[in-house]
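Just so you know, the protein sequences line up as chains W and X, in that order.
Numbering (the working numbering) for the first sequence: 1 to 116.
Numbering (the working numbering) for the second sequence: 1 to 116.
Because the hints were derived from the structure by calculation, they are not lab data.
Given the structure is predicted, the values throughout are model-derived calculations rather than measurements.
Just to be clear, a hint being listed does not mean it is correct.
All copies of an identical chain are treated as equivalent in the list; a pair is satisfied when it fits inside any one copy or across any two copies.
Computed list of lysine to any residue pairs in SDA-like fashion (alpha-carbon distance at most 25 angstroms, straight line) [what the hints assert, rightly or not]:
# : residue 1 : residue 2
1 : K29       : P16
2 : K110      : R95
3 : K29       : R95
4 : K110      : Q35
5 : K110      : A80
6 : K29       : D58
Protein chains: 2
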Amino acid sequence: MALFERHVFVCQNVRPEGAPRPSCTRDGKSELFAQLQMFAKAAGLAPQVRINKSGCLDQCEHGPTVVVYPDAVWYGHVQAEDAEEIVNEHLVGGRPVARLRLADECVNTKSCPHRG
Amino acid sequence: MALFERHVFVCQNVRPEGAPRPSCTRDGKSELFAQLQMFAKAAGLAPQVRINKSGCLDQCEHGPTVVVYPDAVWYGHVQAEDAEEIVNEHLVGGRPVARLRLADECVNTKSCPHRG
Numbered sequence: 001m002a003l004f005e006r007h008v009f010v011c012q013n014v015r016p017e018g019a020p021r022p023s024c025t026r027d028g029k030s031e032l033f034a035q036l037q038m039f040a041k042a043a044g045l046a047p048q049v050r051i052n053k054s055g056c057l058d059q060c061e062h063g064p065t066v067v068v069y070p071d072a073v074w075y076g077h078v079q080a081e082d083a084e085e086i087v088n089e090h091l092v093g094g095r096p097v098a099r100l101r102l103a104d105e106c107v108n109t110k111s112c113p114h115r116g
Numbered sequence: 001m002a003l004f005e006r007h008v009f010v011c012q013n014v015r016p017e018g019a020p021r022p023s024c025t026r027d028g029k030s031e032l033f034a035q036l037q038m039f040a041k042a043a044g045l046a047p048q049v050r051i052n053k054s055g056c057l058d059q060c061e062h063g064p065t066v067v068v069y070p071d072a073v074w075y076g077h078v079q080a081e082d083a084e085e086i087v088n089e090h091l092v093g094g095r096p097v098a099r100l101r102l103a104d105e106c107v108n109t110k111s112c113p114h115r116g
């Protein structure tokens, strides 16, 4: 297979102090990204699966956000300690992690009941 | 529709001078990104279509690269002056731009006959 089987985009956006919308990272660096990469590598997923840095995914109120294509599965409020479960369940097992999913009705909205 | 109908990732990666692999942008800024955003906005595509900055898409030898999900259509060697055609043909018209497409067999390879 030449194309990526799954392409995972991890928001790295950082906004200036006091900006009206929140940031996905504090300083453009993301332990979540590093952990996803590390677990994906450990699972032997490269090069079919790529963990990618991305700019603002425009779901700032639900960040840190991650989107997995071509599935178009969105995760919200993801923490570094969630990385292993995303890799093992979704990227290896093909089962999106229900507890971390951003509900469809939350995407492109400013508020969302997801994880409080 | 809550999710993005199309999500366009535009590589903004920049490597240090003398790096063994080429960069998609010279300084992390991309006229291609700005033009895609401008034409998408002019076509009234937001918020169903998002033009997104991305980190390295790992297709450096074919850059600047753009990938459109969930279609998983890859474009290579894309210039700012190609933005209008990508927006009008692909994002509005649903017809990927054949002359800019990265052939499936080029993805994840270091050389590719695409556009020389």
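Hints, one by one, checked against the model:
1. In the homo-oligomer, the alpha carbons of K29 and P16 lie at most 25 angstroms apart both inside one protomer (15 angstroms) and across protomers (18 angstroms), since each shortest distance falls under that limit.
2. In this assembly of identical chains, the alpha carbons of K110 and R95 never lie at most 25 angstroms apart, being 27 angstroms within a copy and 32 angstroms across copies at closest.
3. Taking CA atoms no more than 25 angstroms apart as the test, K29 paired with R95 passes in neither setting, with 27 angstroms inside one copy and 37 angstroms between copies.
4. Taking identical chains as interchangeable, the C-alpha atoms of K110 and Q35 are never at most 25 angstroms apart, the minima being 27 angstroms within one chain and 27 angstroms between chains.
5. Taking CA atoms no more than 25 angstroms apart as the test, K110 paired with A80 passes inside one copy only; the shortest distance there is 23 angstroms, against 32 angstroms between copies.
6. With identical chains, the CA atoms of K29 and D58 are at most 25 angstroms apart both within one copy (18 angstroms) and between copies (19 angstroms).
Going through the hint list in order, the structure does not satisfy hints 2, 3 and 4.
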